[in-house]
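Chains as they are written, first to last, in numbering that gives the first Met the number 0: chain A, 0 to 205; chain B, 0 to 113; chain C, 0 to 628.
Keep in mind that the hints were calculated from the coordinates and are not lab data.
Some hints here could point you the wrong way.
Simulated DEER-style distance windows between Cβ atoms [as the list claims (entries may be wrong)]:
1) B:L41 with C:I307: 29 to 39 Å
2) A:F106 with B:E22: 25 to 35 Å
3) A:E121 with B:L41: 21 to 31 Å
4) B:K81 with C:W601: 28 to 38 Å
5) B:V19 with A:D5: 30 to 40 Å
6) B:T88 with C:F58: 44 to 54 Å
7) C:N551 with B:K81: 51 to 61 Å
Heads up, simulated EDC-like pairs for lysine to aspartate or glutamate below, C-alpha to C-alpha not over 20 Å straight-line [claimed, not checked]:
8) A:K91 with B:E49
9) A:K91 with B:E9
10) A:K8 with B:E49
11) A:K91 with B:E16
Covered by chain A, per the in silico footprint, the following chain C stretches (three or more residues, Cβ under 8 Å) [as the list claims (entries may be wrong)]:
12) 56-67
13) 230-238
Glycine included, C-beta positions come from ideal geometry on N, C-alpha and C.
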Amino acid sequence: MSETVDVSKGLPAHPERATLEGKNKFVGFWVFLSGEVTMFATFFGTYLGLRNGTAGGPEAADLFHMPLVFIMTMILLTSSLTSVIAITAMKKNQFKKMKLWMWITFFLGVAFLGFEIYEFVEYVHYGLGFSTSAFASSFYSLVGLHGAHVVFGLGWVLLLLIRYNRAGITLTNAPKFYMFSLYWHFIDVVWVFIFTVVYLMGIGGG
Amino acid sequence: MADHLSEPFEKSAMTNEERVKTEREMRIQFIAFAFMIALTFLAFIAVGAEVAPPGFVISFIIFLAFIQLFLQLYYFMHLKDKDHGWANTFMVSGLVLSIPTVVALILIIGVVKY
Amino acid sequence: MVREAAHTLKKSLLWDLLTTVDHKKIAILYLIAGTLFFGKAGLMAILIRIQLMIPENTFVTGQTYNELLSMHGTIMLFLAATPLLFAFMNYLIPLQIGARDVAFPFLNALGFWFFFFGGILLSLSWFFGGAPDAGWTAYVPLSSRDYAGIGLDFYVLGLQISGFGTLISGINFIVTIITMRAPGMTLLRMPLFCWNSFITSILIVFGFTPLAAGLALLMLDRMFDGQFFLAAAGGNAVIWPHIFWIFGHPEVYILVLPAFGMISEIIPVFSKKRLFGYTAMVFATILIGFLGFMVWVHHMFTLNLGPITNSIFAILTMLIGVPTGIKIFNWLFTMWGGKLRFTTAMLCASSFVPTFVLGGVTGIMLAMSPVTHLYHDTYFVVAHFHYIILGGIVLGILGATYYWYPKMFGHCLNETLGKWMFWIFYIGFHLTFFIQHILGLIGMPRRVNVYLADQGWDGMNLISSIGAFMQGLAIILLLINVIYSAMKRPNHPVDDPWDGRALEWATHTPVPEYNFAQVPQVRSLDPLFYEKIHGDGTMKPSEPLADIHMPNGSFLPFMIALGSFIAGFGLIMKHMDAWINPYIVVVLGLLVMFGSMAVRSWKEDHGYHITKENVEAMEREALADERNR
Chain A
0 MSETVDVSKG
10 LPAHPERATL
20 EGKNKFVGFW
30 VFLSGEVTMF
40 ATFFGTYLGL
50 RNGTAGGPEA
60 ADLFHMPLVF
70 IMTMILLTSS
80 LTSVIAITAM
90 KKNQFKKMKL
100 WMWITFFLGV
110 AFLGFEIYEF
120 VEYVHYGLGF
130 STSAFASSFY
140 SLVGLHGAHV
150 VFGLGWVLLL
160 LIRYNRAGIT
170 LTNAPKFYMF
180 SLYWHFIDVV
190 WVFIFTVVYL
200 MGIGGG
Chain B
0 MADHLSEPFE
10 KSAMTNEERV
20 KTEREMRIQF
30 IAFAFMIALT
40 FLAFIAVGAE
50 VAPPGFVISF
60 IIFLAFIQLF
70 LQLYYFMHLK
80 DKDHGWANTF
90 MVSGLVLSIP
100 TVVALILIIG
110 VVKY
Chain C
0 MVREAAHTLK
10 KSLLWDLLTT
20 VDHKKIAILY
30 LIAGTLFFGK
40 AGLMAILIRI
50 QLMIPENTFV
60 TGQTYNELLS
70 MHGTIMLFLA
80 ATPLLFAFMN
90 YLIPLQIGAR
100 DVAFPFLNAL
110 GFWFFFFGGI
120 LLSLSWFFGG
130 APDAGWTAYV
140 PLSSRDYAGI
150 GLDFYVLGLQ
160 ISGFGTLISG
170 INFIVTIITM
180 RAPGMTLLRM
190 PLFCWNSFIT
200 SILIVFGFTP
210 LAAGLALLML
220 DRMFDGQFFL
230 AAAGGNAVIW
240 PHIFWIFGHP
250 EVYILVLPAF
260 GMISEIIPVF
270 SKKRLFGYTA
280 MVFATILIGF
290 LGFMVWVHHM
300 FTLNLGPITN
310 SIFAILTMLI
320 GVPTGIKIFN
330 WLFTMWGGKL
340 RFTTAMLCAS
350 SFVPTFVLGG
360 VTGIMLAMSP
370 VTHLYHDTYF
380 VVAHFHYIIL
390 GGIVLGILGA
400 TYYWYPKMFG
410 HCLNETLGKW
420 MFWIFYIGFH
430 LTFFIQHILG
440 LIGMPRRVNV
450 YLADQGWDGM
460 NLISSIGAFM
470 QGLAIILLLI
480 NVIYSAMKRP
490 NHPVDDPWDG
500 RALEWATHTP
510 VPEYNFAQVP
520 QVRSLDPLFY
530 EKIHGDGTMK
540 PSEPLADIHM
550 PNGSFLPFMI
560 ALGSFIAGFG
570 LIMKHMDAWI
580 NPYIVVVLGL
590 LVMFGSMAVR
600 SWKEDHGYHI
610 TKENVEAMER
620 EALADERNR
C-alpha cells in the first residue's frame, strides 16, 4: 500500500495511527479486546453460576475484606489515569514525560499484583484452596485470569520501556505504547466488574 | 514512505488548535477520573453501610459498574472520538453477545444442589 | 526467472515454507494440512462404517470405536473443515478486495502454525495411551478427571492451541477487510465470499473466546482438580454444555458461511448473470451471524431446562430459517434464466442447494422442542448434521477447489474425472445419510458400536456403509485427478479460465508475490466483469507504478507455536510416568513461546521493497507468457 506520512513538520498528532500498520494494529487490537469481553463474560457467568456452591468450605462473606479490595481498586484506577497522561504526552511528542508516567503505571501495576498475591495467600491460609469447592475454583480462575492479564501487561510494558529507553517517540513504537494503554484500560474495566460482582456482591449478601 | 519509522522527531506536528483540543481532552479525562473514584466510593459505601436490602444494593452497584465501564471505554479509551466506528461496532457487539452468556450461566443451569 | 523476487529465490523450498508470511503460500500450507487431516478423519469414518456394516460386528472394540468417533468429529470440524476454508479465505480475500497482502502477514503465519501444532498435539494422543473418547462435545462428567483417560488431556490442550490460531487468523481477516480494500471497493461492492468470510471471522472472535474459556475450565478440572462440574463440591455439570454450545453453535455458522460465500461466487459465473439480490444476501448473512449466537440451547433441549427456555430457543432457532431461505431463493433466481454451464464446480454448487434444503428441513424438525425428545441422540440427528456439513460445507469446498484450482496452481483439474468424482460422491453421500434419517426415526441411537440383528436395521446400515465407501472412492478420484492434471498440465498457465467476475481473475497466474503491480480502481460490483463489458477487459490502476513494500519472512511464528506445543505437552505429561518433572517442560515451552514473542517485539522489522524496475520486469515476463498462449 502506498501510505504517505507527512513527517516534515514533526510527529503527527496521532502517531499511533499515522501509518497503515498503526491503523491495522489499532483496529485489530479493538477486535481482540471485544473477543476478550466474551471470554471474560464466560468466566464471570461461571463464577456467578457457582458462587453459592461452597460445599461447606469458606464462603465469600467470611473471606473478603473491604479495605484491601478498596486499596487495590484505587491503585488500578489510578494506574489507568497515569497511562492516559502518558499517552497524551506521547501525542505531544514529550518522550520523557511519557516514559515517566508509563513507569508510574508499571509500578502501580506491580503494587496491585503484590496485593493480589498477598490476598490469594491469605485465602489459602483460611482454607480456601483451589479445589476446596466450586466457589473456590471459579473465584480463583476468574480473578486469576485477570491477574494473569496484569502479569502479561506488566511484562509487555517493561519490555517496551527497556527497548525504547532512549529511542524517542517514533512511528513504530507509538502504536505499541498506545495498544498497551488500551490493554491496560481494558484490564481496569474488568477489575471494575470483579470488585463489583465478586467482592461487593460477596460481602453484601445476595 | 517507510523511511522515517524508527527515528524520533524533533518537534510535534500538532497545530495550535489540536493542542488546545488535547488540553481540553485531558481536563475531561481528569473529571472522568474523579467521577470513577466517586462511583467507586459510592459502591463501597452502599455495600458497607448495610442500610438497603441486598437486592437493591446489588442492582445499584451493577448499575454503577456499567457507568464506570462507559467512562473507561468512551473517555479513557477514546471510543467517543471519530474514526472509532469499527472499534465501537465490535466492542458493543462483544458486550451485547455477552449478555445471553452470563444470563444463561446464572439462570438456566438446571436444578442446582449445593 | 524474475517472477520470484530476489528475496525468496535465495531460500530453499522448506525454509521458505517455514518462514513465509505470503498469504498465498500460507493458503497452500492450510490446504495441504487440511487435506491431510481430512483424509485422516475420513478414514476414521470409513472404519466406523465398516464396524456398523453388519450387526454385532467385532471389527473394532467399543473403546476404539469411541476414540474413532470422537476423533472423527473433532478433526473434521477443527482441523479439516476450518483449515480448508481458511486456505481459500487466505488466498482469496486479499485478491478479491485488491490488496497486496493481509493486514498482519506475521500473524497470518502465526495462526497457521498454532493450528498446525495444535492439530499435531491432538493427533499425538494415539501414541500416548489412547485418543479422546468422550465425543467431539466432550460432555462432563464423562470427560472430567474421574472418567476419561489421558486422551481428553490431548483434546483440551490441542484444541486450546489450535483454537488460538483460529482466533488470530479471524482477527487478521477482519482487519484486512476493514482497512485494506482497494480504492472504490466499498463494503457493498465486496464479493460475497469476502462478506461471508468477514461475518465468519466475527463469529470466530466471539465464538472461539468462550471455547477458550470452557477448555480452560476443563483443563483446570483435569490437571488441577478444579471443582466446576462436580455436584458433590458445589459444581454444576450443565455449565459445560452451555459454554460448549455457546461456542459450538456459532461454529456451525463459522464453517457454513464461507461455503455459502463460495457457492455465491460460483453460481453467478456459471450462470453468466450477476447474483440475484446481492444486498439481501449480505444482510441475510449478517442476520444469520447474529442469530447464530442466540440459539445454542437447542442442543440442550433434553437437559430439562424448563419449558419457557426451550420455547424461546425453539422459536429463535426457527427464525434462522428465514435468512437462510432468502439465500436459497437468491441462488435459485440467479440460476433461473441464466446461461448455465455445468462444469464440476457448478455441479457441486447447484447440487448444494437442494441438499442444504434437506438439511435445513430436518433442522426445523429438530428445533421443535416438544418433538425433539423423540429423535434426540438418534441417527436422525447424525443424518441432519451430515447433510449440513457434507452437503453444505464439503460440497462448497469441492466446488471451490475445482473453481479456484487454476488460479492457485496454474492449470485446471480434469473435468471428466471431476464429473465422475462428483456423481460418485453425490450418490454415495445420499446413500449414506438419507437412509440414516429413517434409521433414526425407527430408533437406532447414535454413538453405538454394535447393534443386534433383525431389528430392521441390518439392510439400511449396509446401504449406508456402501455409500460411505463410494464417498471414499470419490475423494481418491479427486487425488488421482490432482496428480493426473499436474502431469498433463499445459505449458502456459491460465489467468481467467471461467470468464470470471471478481478481482482475483484480473491477476496473473501464478500470482506474483505482490498480487497487483498497481492496485486497481474498482468501479462496480463484479469489477472485472464490469470492465469486460464497459471497458477493455482489464482493471484500471489507481496509482502509478512504484516500489512495492513487502514484509520480511520470519521463523518466529514457527517458534512461538512450537513453544506453545512444548508447554501443552508438558502439562499433559503430568498424567504420564515421565522421567522428567513436567513443570520443567512447561516452563521451557513458555520460555520459548514468550521469548520468541519478545524477540518479535524487540526487533523492528520494516520489511523490504521490490524496486520499480523489478516489478516492471516481472510484469513484462507475465505479459510475454500471456502472448505466447
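Hints breached by this structure = 5, 7, 8, 10, 12
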